[in-house]
Amino acid sequence: MRAERATAAGRLAVRHPARWFVGGALAVGLVIVVGVSIGPAGPPAWRVPLALLDRLPLISIDSGVSRAEWNIVWQIRMPRVLLGALVGGMLSAAGASYQGVFRNPLVDPYLLGAAAGAGLGATLAFTVARQATAGWPVDPVPIIAFCAAILTVTVTYLVGGAFGPATGSGPTLVLAGVAVVAFATAVQTWLLQRNVDVVREVYSWILGRLSSATWSDVGLVIPYVAVSAVVLVLLRRPLDVLRVGDDEATTLGMSVARTRLVIVIAATLGTAAVVSVSGLIGFVGLIIPHAVRMVIGASYRMVVPMSLFVGACFLILADIPGRTVQGGAETPIGVVTAFLGAPFFVYLLRRQQVRR
Amino acid sequence: MSRVDFCGVSVTYGEFVAVEPYTDTVAPGEWVAMLGPNGAGKSSLLRAVGGLVGFAGGIDVDGAALAAMSARDRARRVAMVPQEPMIPGDMRVDDYVLLGRWPYVGRFGIESSGDRDVVDRVLERLGLTALRARVLGELSGGERQRVVLARALAQDTAVLLLDEPTSALDIGHQQQALELVAELRRDERLTVISAMHDLTLAGLYADRLVLLDEGRLVASGSARDVLTAERIGEVYDVCVSVERGSNGGVVVIPQRGFPVP
Numbered sequence: 001m002r003a004e005r006a007t008a009a010g011r012l013a014v015r016h017p018a019r020w021f022v023g024g025a026l027a028v029g030l031v032i033v034v035g036v037s038i039g040p041a042g043p044p045a046w047r048v049p050l051a052l053l054d055r056l057p058l059i060s061i062d063s064g065v066s067r068a069e070w071n072i073v074w075q076i077r078m079p080r081v082l083l084g085a086l087v088g089g090m091l092s093a094a095g096a097s098y099q100g101v102f103r104n105p106l107v108d109p110y111l112l113g114a115a116a117g118a119g120l121g122a123t124l125a126f127t128v129a130r131q132a133t134a135g136w137p138v139d140p141v142p143i144i145a146f147c148a149a150i151l152t153v154t155v156t157y158l159v160g161g162a163f164g165p166a167t168g169s170g171p172t173l174v175l176a177g178v179a180v181v182a183f184a185t186a187v188q189t190w191l192l193q194r195n196v197d198v199v200r201e202v203y204s205w206i207l208g209r210l211s212s213a214t215w216s217d218v219g220l221v222i223p224y225v226a227v228s229a230v231v232l233v234l235l236r237r238p239l240d241v242l243r244v245g246d247d248e249a250t251t252l253g254m255s256v257a258r259t260r261l262v263i264v265i266a267a268t269l270g271t272a273a274v275v276s277v278s279g280l281i282g283f284v285g286l287i288i289p290h291a292v293r294m295v296i297g298a299s300y301r302m303v304v305p306m307s308l309f310v311g312a313c314f315l316i317l318a319d320i321p322g323r324t325v326q327g328g329a330e331t332p333i334g335v336v337t338a339f340l341g342a343p344f345f346v347y348l349l350r351r352q353q354v355r356r
Numbered sequence: 357m358s359r360v361d362f363c364g365v366s367v368t369y370g371e372f373v374a375v376e377p378y379t380d381t382v383a384p385g386e387w388v389a390m391l392g393p394n395g396a397g398k399s400s401l402l403r404a405v406g407g408l409v410g411f412a413g414g415i416d417v418d419g420a421a422l423a424a425m426s427a428r429d430r431a432r433r434v435a436m437v438p439q440e441p442m443i444p445g446d447m448r449v450d451d452y453v454l455l456g457r458w459p460y461v462g463r464f465g466i467e468s469s470g471d472r473d474v475v476d477r478v479l480e481r482l483g484l485t486a487l488r489a490r491v492l493g494e495l496s497g498g499e500r501q502r503v504v505l506a507r508a509l510a511q512d513t514a515v516l517l518l519d520e521p522t523s524a525l526d527i528g529h530q531q532q533a534l535e536l537v538a539e540l541r542r543d544e545r546l547t548v549i550s551a552m553h554d555l556t557l558a559g560l561y562a563d564r565l566v567l568l569d570e571g572r573l574v575a576s577g578s579a580r581d582v583l584t585a586e587r588i589g590e591v592y593d594v595c596v597s598v599e600r601g602s603n604g605g606v607v608v609i610p611q612r613g614f615p616v617p
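Protein chains in written order, with our numbering: chain A, 1 to 356; chain B, 357 to 617.
FYI, nobody ran anything at the bench for these hints, they're computed from the structure. Among the clues, some could well be false.
Partial selection, computed: residues in chain B whose CB lies under 10 Å from chain A [unchecked claim]: (1) G406; (2) R430; (3) D446; (4) R507; (5) R580; (6) Y592.
Even for Gly, the Cβ is constructed at its ideal location relative to N, Cα and C.
Looking at chain B on its own, in the form it has when it is part of the complex:
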């Protein structure tokens, strides 16, 4: 399990400030969900951890600064499931999952039998063994999501970043995917940081919610603390009611009466 420290992390694109200095510590094994409307900066924060955008300030994984690491070292600590993964339709499932071994393969990318064993184990773990020789283009959306997760898992990192992992899935597959992540987190002792749109699901699965708006931290804490009708209304410009579910979760229910601007 790994700890992730954000120390005054800001992300800018030219003049535009996507994330204002953000300081936080994600505890080992914690699942933190980043929430906020489109453009709030949650994806930018994830991309900074994933090494895809430059940032000011410091991000440490177990005390080691990401900025000082080679791409290969970083990829051994942090895996990322992108929002819209680029899926080469004619690539085989096992070849695709094998890409997750890239940070470990030898010179010229020659993988060892150990790398193939990891792929076998991950495919088995995610119930993908029967699909391994299929090509990605033949898979359903839910299967595809699992395959992308499998690739990230094959990276064998302690930190997993999920950028809106369920945005392309129906409600059933959303739940399956999140259950799977929850299980994997427990079994593989992962620290998970995810950007999410569905507030109710985020509250159901994550240990802690971080609400961002226009690059600024609005609130951080448990679902019950963060997800209040008033705050959601302010940040998202929306009309909702928030109720306590029977399982102790927080349910965010959209209401009619949205003030048309």
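So here's chain A without its partners, still in its complex pose:
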């Protein structure tokens, strides 16, 4: 039975990855439309797709959506939904890449300190740097968070490289990450304790939110996410080679330390960018890659791009109850992702057990 199926599977290329990618991209488009159609205020949901079609060149439809309603869709919902797609896709693809680069399934994109650094940066922005940045024309929080995230991961890399057997060896870096994260978190806690008046602000930032998303937020992260996602997708094949271990990858002709460094830089850049505007949305970067693996297999050539698509869809969908449930008071998106994601993950785990 198995052998027959094996023969039927035939050559390597007959698994139609391109179809999956096109399907994934279409799904993201569809979910974006669904996402902007649903909301507490604004036009009836079914009219929104018509209004979107109406905006396309050469198409003219009377959608019955008023100018004010359109503004809600375009100025409030659309940036939020797009930011959700960017954040979800980025965290998931970065999570998949981190898991591959460190050969560790429990790794998420926050491993080397991107999240802790961003959290510390945001805390700095709300506390000691508040005076200094008061006159800035733009919101200083994302900028400081972004810089702090990059800086923290750099420190992790330097520490890991300084004490590791070889620069950028996997386990040493992970452990260096643990130490650096602990340190950053300690500094953050100390700062918060001395500035209890901003605890609420900082925590609301840390819990993650898409609610205040504007087009400028979207514009801020798009370049980073685009560069990072393109690099990660292009470098998905080396991740498959790394699965056989650093030594064997070396004998196969790979420069392991360099490959790891490039992938970590790309993943960190994207992660830091999205974290700095959306706060720390947990769970997505860890769970989505696993969910993808359980459905379409473990090869990174599929896992990285599909994580991008599935993560984008997931976060848009996870944000819908957040802004519709409970009327006006919003549930933080990080709470929703865990609330929806954990049972779903348990279901996938169970399904996999049964199949075995």
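Chain B: place on chain A using the hints.
This is chain B only, laid out in the frame that chain A set:
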């Protein structure tokens, strides 16, 4: 076929000298088996050729210094079957063998149809075609060994390094694996350097045996010259008798009477 020259090669880990300056020439198409107790330096020598440890001195493949080569160039000349390969249990057999094409694939690792043809040919050659869509975790130890060998073969190198290739196999599969290597060596005109524990099997398959002890060369030559009861007793601290087999091979037989330290 490629020639491998060792010129005063030594390997050190910090203060510890694993291999003292070693000079030797492995002739094109020769199969050399490195022997010696655990820690004798045979794996270190192989790892030096495979580019996994730094070394002093020079290792040349067909006159080209390995140390001056990029990892990619080296991987086109030397393939290595590790002692304990890391097996991703959920990777498909053909995907795993395709990893052997890594030194040849284009930018970003995109393989050509030529690379896939090599994989098809290697799978066919090793009788793995029926298993190609299976995942590695489902394979038996013997099948797994063949798949790892297939990956090394897909690298299309003239030099094959085997680090204790049969240590995890039963006696039947050991023999099958070594027969396979012997056949491949003949058909693909490979130069083989292997580290081995089983002295009798090493004598049966390799052209030349190199006996190492504590990083030093003890003896080099045919099985009959190298495998004497006295020398094995000294190097391995063991009590054996050595007999001539009916096929001309040398049989090393462990004896009771080991002096407990």
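Evaluated hints:
no.: 1; hint: G406; result: holds, 5 Å
no.: 2; hint: R430; result: holds, 7 Å
no.: 3; hint: D446; result: holds, 4 Å
no.: 4; hint: R507; result: holds, 8 Å
no.: 5; hint: R580; result: violated, 33 Å
no.: 6; hint: Y592; result: violated, 27 Å
Comparing the model with each earlier hint shows violations of hints 5, 6; every other hint is respected.
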